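Visitor: Here is how the chains run, residue by residue.
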Amino acid sequence: MYKLEVKGVTHIYGAKTPFEKTALSAVNVGFEAGQITGLIGHTGSGKSTLVQMLNGLIRPQSGEILLDGEDIWARPKEIGRVRTRVGLVMQYPEYQLFDETVCRDVGFALRNAGMDEAEIDARVREAAECVGLEASLLDKSPFDLSGGQKRRAAIAGILAMRPEVLVLDEPAAGLDPRGRADVLGYLRRYRERFGATVILVSHSMEDMAQYCDRVVVLRRGEVFLSGRVDEVFYRSEELASVGLDIPEVMKIALALVERGVPLSGKLYTVDGARDAILELLKRRGC
Amino acid sequence: MASHFIEARGLGFSYDAESESDAVVALDDISLTIDEGEYIAILGHNGSGKSTLAKLFNLILTPSRGELILDGKTVTSEGLSDDEIYEIRKKIGMVFQNPDNQLVATVVEEDVAFGPENLGVPREELRRRVDEALATVGMTEYARHAPHKLSGGQKQRVAIAGVLAMMPRCIIFDESTAMLDPLGRREVTDVMERLNREQNMTVLHITHYMEEAARASRIIVISDGKILLDGTPKEVFSSVEPLLAAGLETPQGTELIHELRMLGFDLPKGCTTVGECTDAIFSLFKEKKDNNDV
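Protein sequences, first through last, are from chains A and B.
Residue 1266 is where the first sequence starts when you use the working numbering, and the numbers rise one by one after that.
Residue 326 is where the second sequence starts when you use the working numbering, and the numbers rise one by one after that.
Bear in mind the hints are in silico, worked out from the structure with no lab data behind them.
Computed from a predicted structure; not experimentally measured.
All C-beta atoms in this analysis are idealised placements derived from N, C-alpha and C, irrespective of residue type, glycine included.
There may be inaccurate statements among the hints.
To be verified - Dumping the calculated DSS-like pairs for lysine-lysine here, alpha-carbon to alpha-carbon at most 27 Å:
{"hint": "1", "chain 1": "A", "residue 1": "K1531", "chain 2": "B", "residue 2": "K611"}
{"hint": "2", "chain 1": "A", "residue 1": "K1547", "chain 2": "B", "residue 2": "K611"}
{"hint": "3", "chain 1": "B", "residue 1": "K380", "chain 2": "B", "residue 2": "K416"}
{"hint": "4", "chain 1": "B", "residue 1": "K611", "chain 2": "B", "residue 2": "K594"}
{"hint": "5", "chain 1": "A", "residue 1": "K1516", "chain 2": "B", "residue 2": "K594"}
{"hint": "6", "chain 1": "A", "residue 1": "K1286", "chain 2": "B", "residue 2": "K474"}
{"hint": "7", "chain 1": "A", "residue 1": "K1516", "chain 2": "B", "residue 2": "K559"}
{"hint": "8", "chain 1": "B", "residue 1": "K416", "chain 2": "A", "residue 2": "K1281"}
{"hint": "9", "chain 1": "A", "residue 1": "K1516", "chain 2": "B", "residue 2": "K380"}
{"hint": "10", "chain 1": "B", "residue 1": "K611", "chain 2": "B", "residue 2": "K551"}
{"hint": "11", "chain 1": "B", "residue 1": "K594", "chain 2": "A", "residue 2": "K1547"}
Stated by the list, open to error - FRET-style restraints, in silico, Cβ to Cβ:
{"hint": "12", "chain 1": "B", "residue 1": "D456", "chain 2": "A", "residue 2": "G1334", "range": "53 to 61 Å"}
{"hint": "13", "chain 1": "B", "residue 1": "P593", "chain 2": "A", "residue 2": "S1529", "range": "22 to 30 Å"}
{"hint": "14", "chain 1": "B", "residue 1": "S542", "chain 2": "A", "residue 2": "R1493", "range": "38 to 46 Å"}
{"hint": "15", "chain 1": "A", "residue 1": "R1493", "chain 2": "B", "residue 2": "A348", "range": "50 to 58 Å"}
{"hint": "16", "chain 1": "B", "residue 1": "D354", "chain 2": "A", "residue 2": "R1454", "range": "34 to 42 Å"}
Stated by the list, open to error - Chain A is nowhere near these chain B residues, computed Cβ spacing over 12 Å in every case:
{"hint": "17", "residue": "R334"}
{"hint": "18", "residue": "F439"}
{"hint": "19", "residue": "L444"}
{"hint": "20", "residue": "L520"}
Full structure from sequences and hints, please.
Guide: What follows is the structure, encoded as structure tokens:
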């Protein structure tokens, strides 16, 4: 059974008006427990609509969203509980920081949920640690942090709820390479520590290759490709047909294959390609 | 010898420079020259000072120390008069990161006309400039559309057209591709390259994407307010260790070759493109084959 499943979901904006636009059309996607699934698609692919459905911000016009096999809209009045179990980190989440201190901001949702202060404090510290935010920053105003620190504080605000499913829309956008690696690395660690299911929306095929177990490609409101990272990336021609590019290192590896160098393995990451080259050289050298 | 288009001599900038205790040094002792028609990528980690440098070139900020010579006009900490600043900004335009923050009008062509209209450009000339600018960025058919309904890449191209209508000689792109999807990024970088090639526009492209930087003819790397590296993509990406230490990376192919070199394989430094890297690695296998034949 999937941890979170999208079943036969269709959604049309402005139905029966001249502005009618089908955002999602009979979409079926399953997200397996404890895995990191990447979600890719161009502007207009229906990605944002889908993401907002996963934690009940948008109610599908038809079809179901199943969390642990239960329709999240079975009891609409309790949809708030779904939002603590499925945490959504929106794009540029640092724009949503607002409270007086980082500590209060990160604990905001917990306080709203009526948790007692001692527990909130422990959870806030744990979440801050998860994203590598030093304890000394917790008493500062969020507006005095650097861009990268703000981003991590905003993500910590979601992690503090300890969501079972974590959905992130471009969590590394606009960060420098080290900042990207840091943020994506923290997500991986959160997954490992709490066994969480992670859904990562990104435009970067390199990040997908490096951090995801599975990939779902959306195109014009439909699932175009879906599978393990290697399965999807080896269909480079289909990816290219929707304007997506395989990672550069994989292009090099495939060019070598074409020239008669039989490389195999995880050619879509630098480490994987390096190991494949070493392996083959070793075999040839013998 | 003709003078440089942009020249910095011991240029420095501090935020909150009035109160010495709180002053944050963003740029320190920067000296460089940029000639007309260059296509330069500027790399640096978040907070390295690269955006500060761009804002100095466009006089959004005034230098704290040193001199900046923009098309023959010297700027010091004294600053310039408003009229002089506007003269410079006509020559050196800027496109920012967030496409939604820089469009002001409700119709695309009115947005493009906004700058020159404020300069008092006569009507026929204005019409011509707007049409040309939209044609250059490939947005002519959207002239009467509403900007908020465009995609990110299209919005950025409208923003570029708005700068082009001012007829600048240099455009600074301050992470103008950061918020775009891959298609949008390609649209914007294609426009940059075309402007540089066809109109001899000086292009300064600040970016976190190494593959984009590799397309420029020169790369300047800023780290902690200083120039760390300055050279061709080949030269800069040969310096893998300093780049990594500065929180940056290299194109993936360069990284792969670097790792193989570290393991003792004899490969050339500074390969950046897929073709170069493929050829270099292929040579390893060819040699082995030849040896086997012997």
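Visitor: All the hints need checking, so say for each whether the structure fits it.
Guide: Hints and how they fare:
1. A:K1531 - B:K611: 23 Å, holds
2. A:K1547 - B:K611: 14 Å, holds
3. B:K380 - B:K416: Measuring from Cα to Cα gives roughly 14 Å; hence the hint holds.
4. B:K611 - B:K594: Cα-Cα ~19 Å, so holds.
5. A:K1516 - B:K594: 19 Å, holds
6. A:K1286 - B:K474: 13 Å, holds
7. A:K1516 - B:K559: It holds: about 19 Å lies between the C-alpha atoms, which stays within 27 Å.
8. B:K416 - A:K1281: 50 Å, violated
9. A:K1516 - B:K380: Status violated; Cα separation ~37 Å.
10. B:K611 - B:K551: 43 Å, violated
11. B:K594 - A:K1547: 23 Å, holds
12. B:D456 - A:G1334: 53 to 61 Å: At 59 Å between Cβs, range holds.
13. B:P593 - A:S1529: 22 to 30 Å: Hint holds: Cβ distance 26 Å, inside 22 to 30 Å.
14. B:S542 - A:R1493: 38 to 46 Å: 40 Å, holds
15. A:R1493 - B:A348: 50 to 58 Å: 53 Å, holds
16. B:D354 - A:R1454: 34 to 42 Å: 40 Å, holds
17. R334: 28 Å, holds
18. F439: At about 25 Å from chain A, B:F439 clears the 12 Å cut-off, so the statement holds.
19. L444: Label holds. Min Cβ-Cβ 32 Å, cutoff 12 Å.
20. L520: 23 Å, holds
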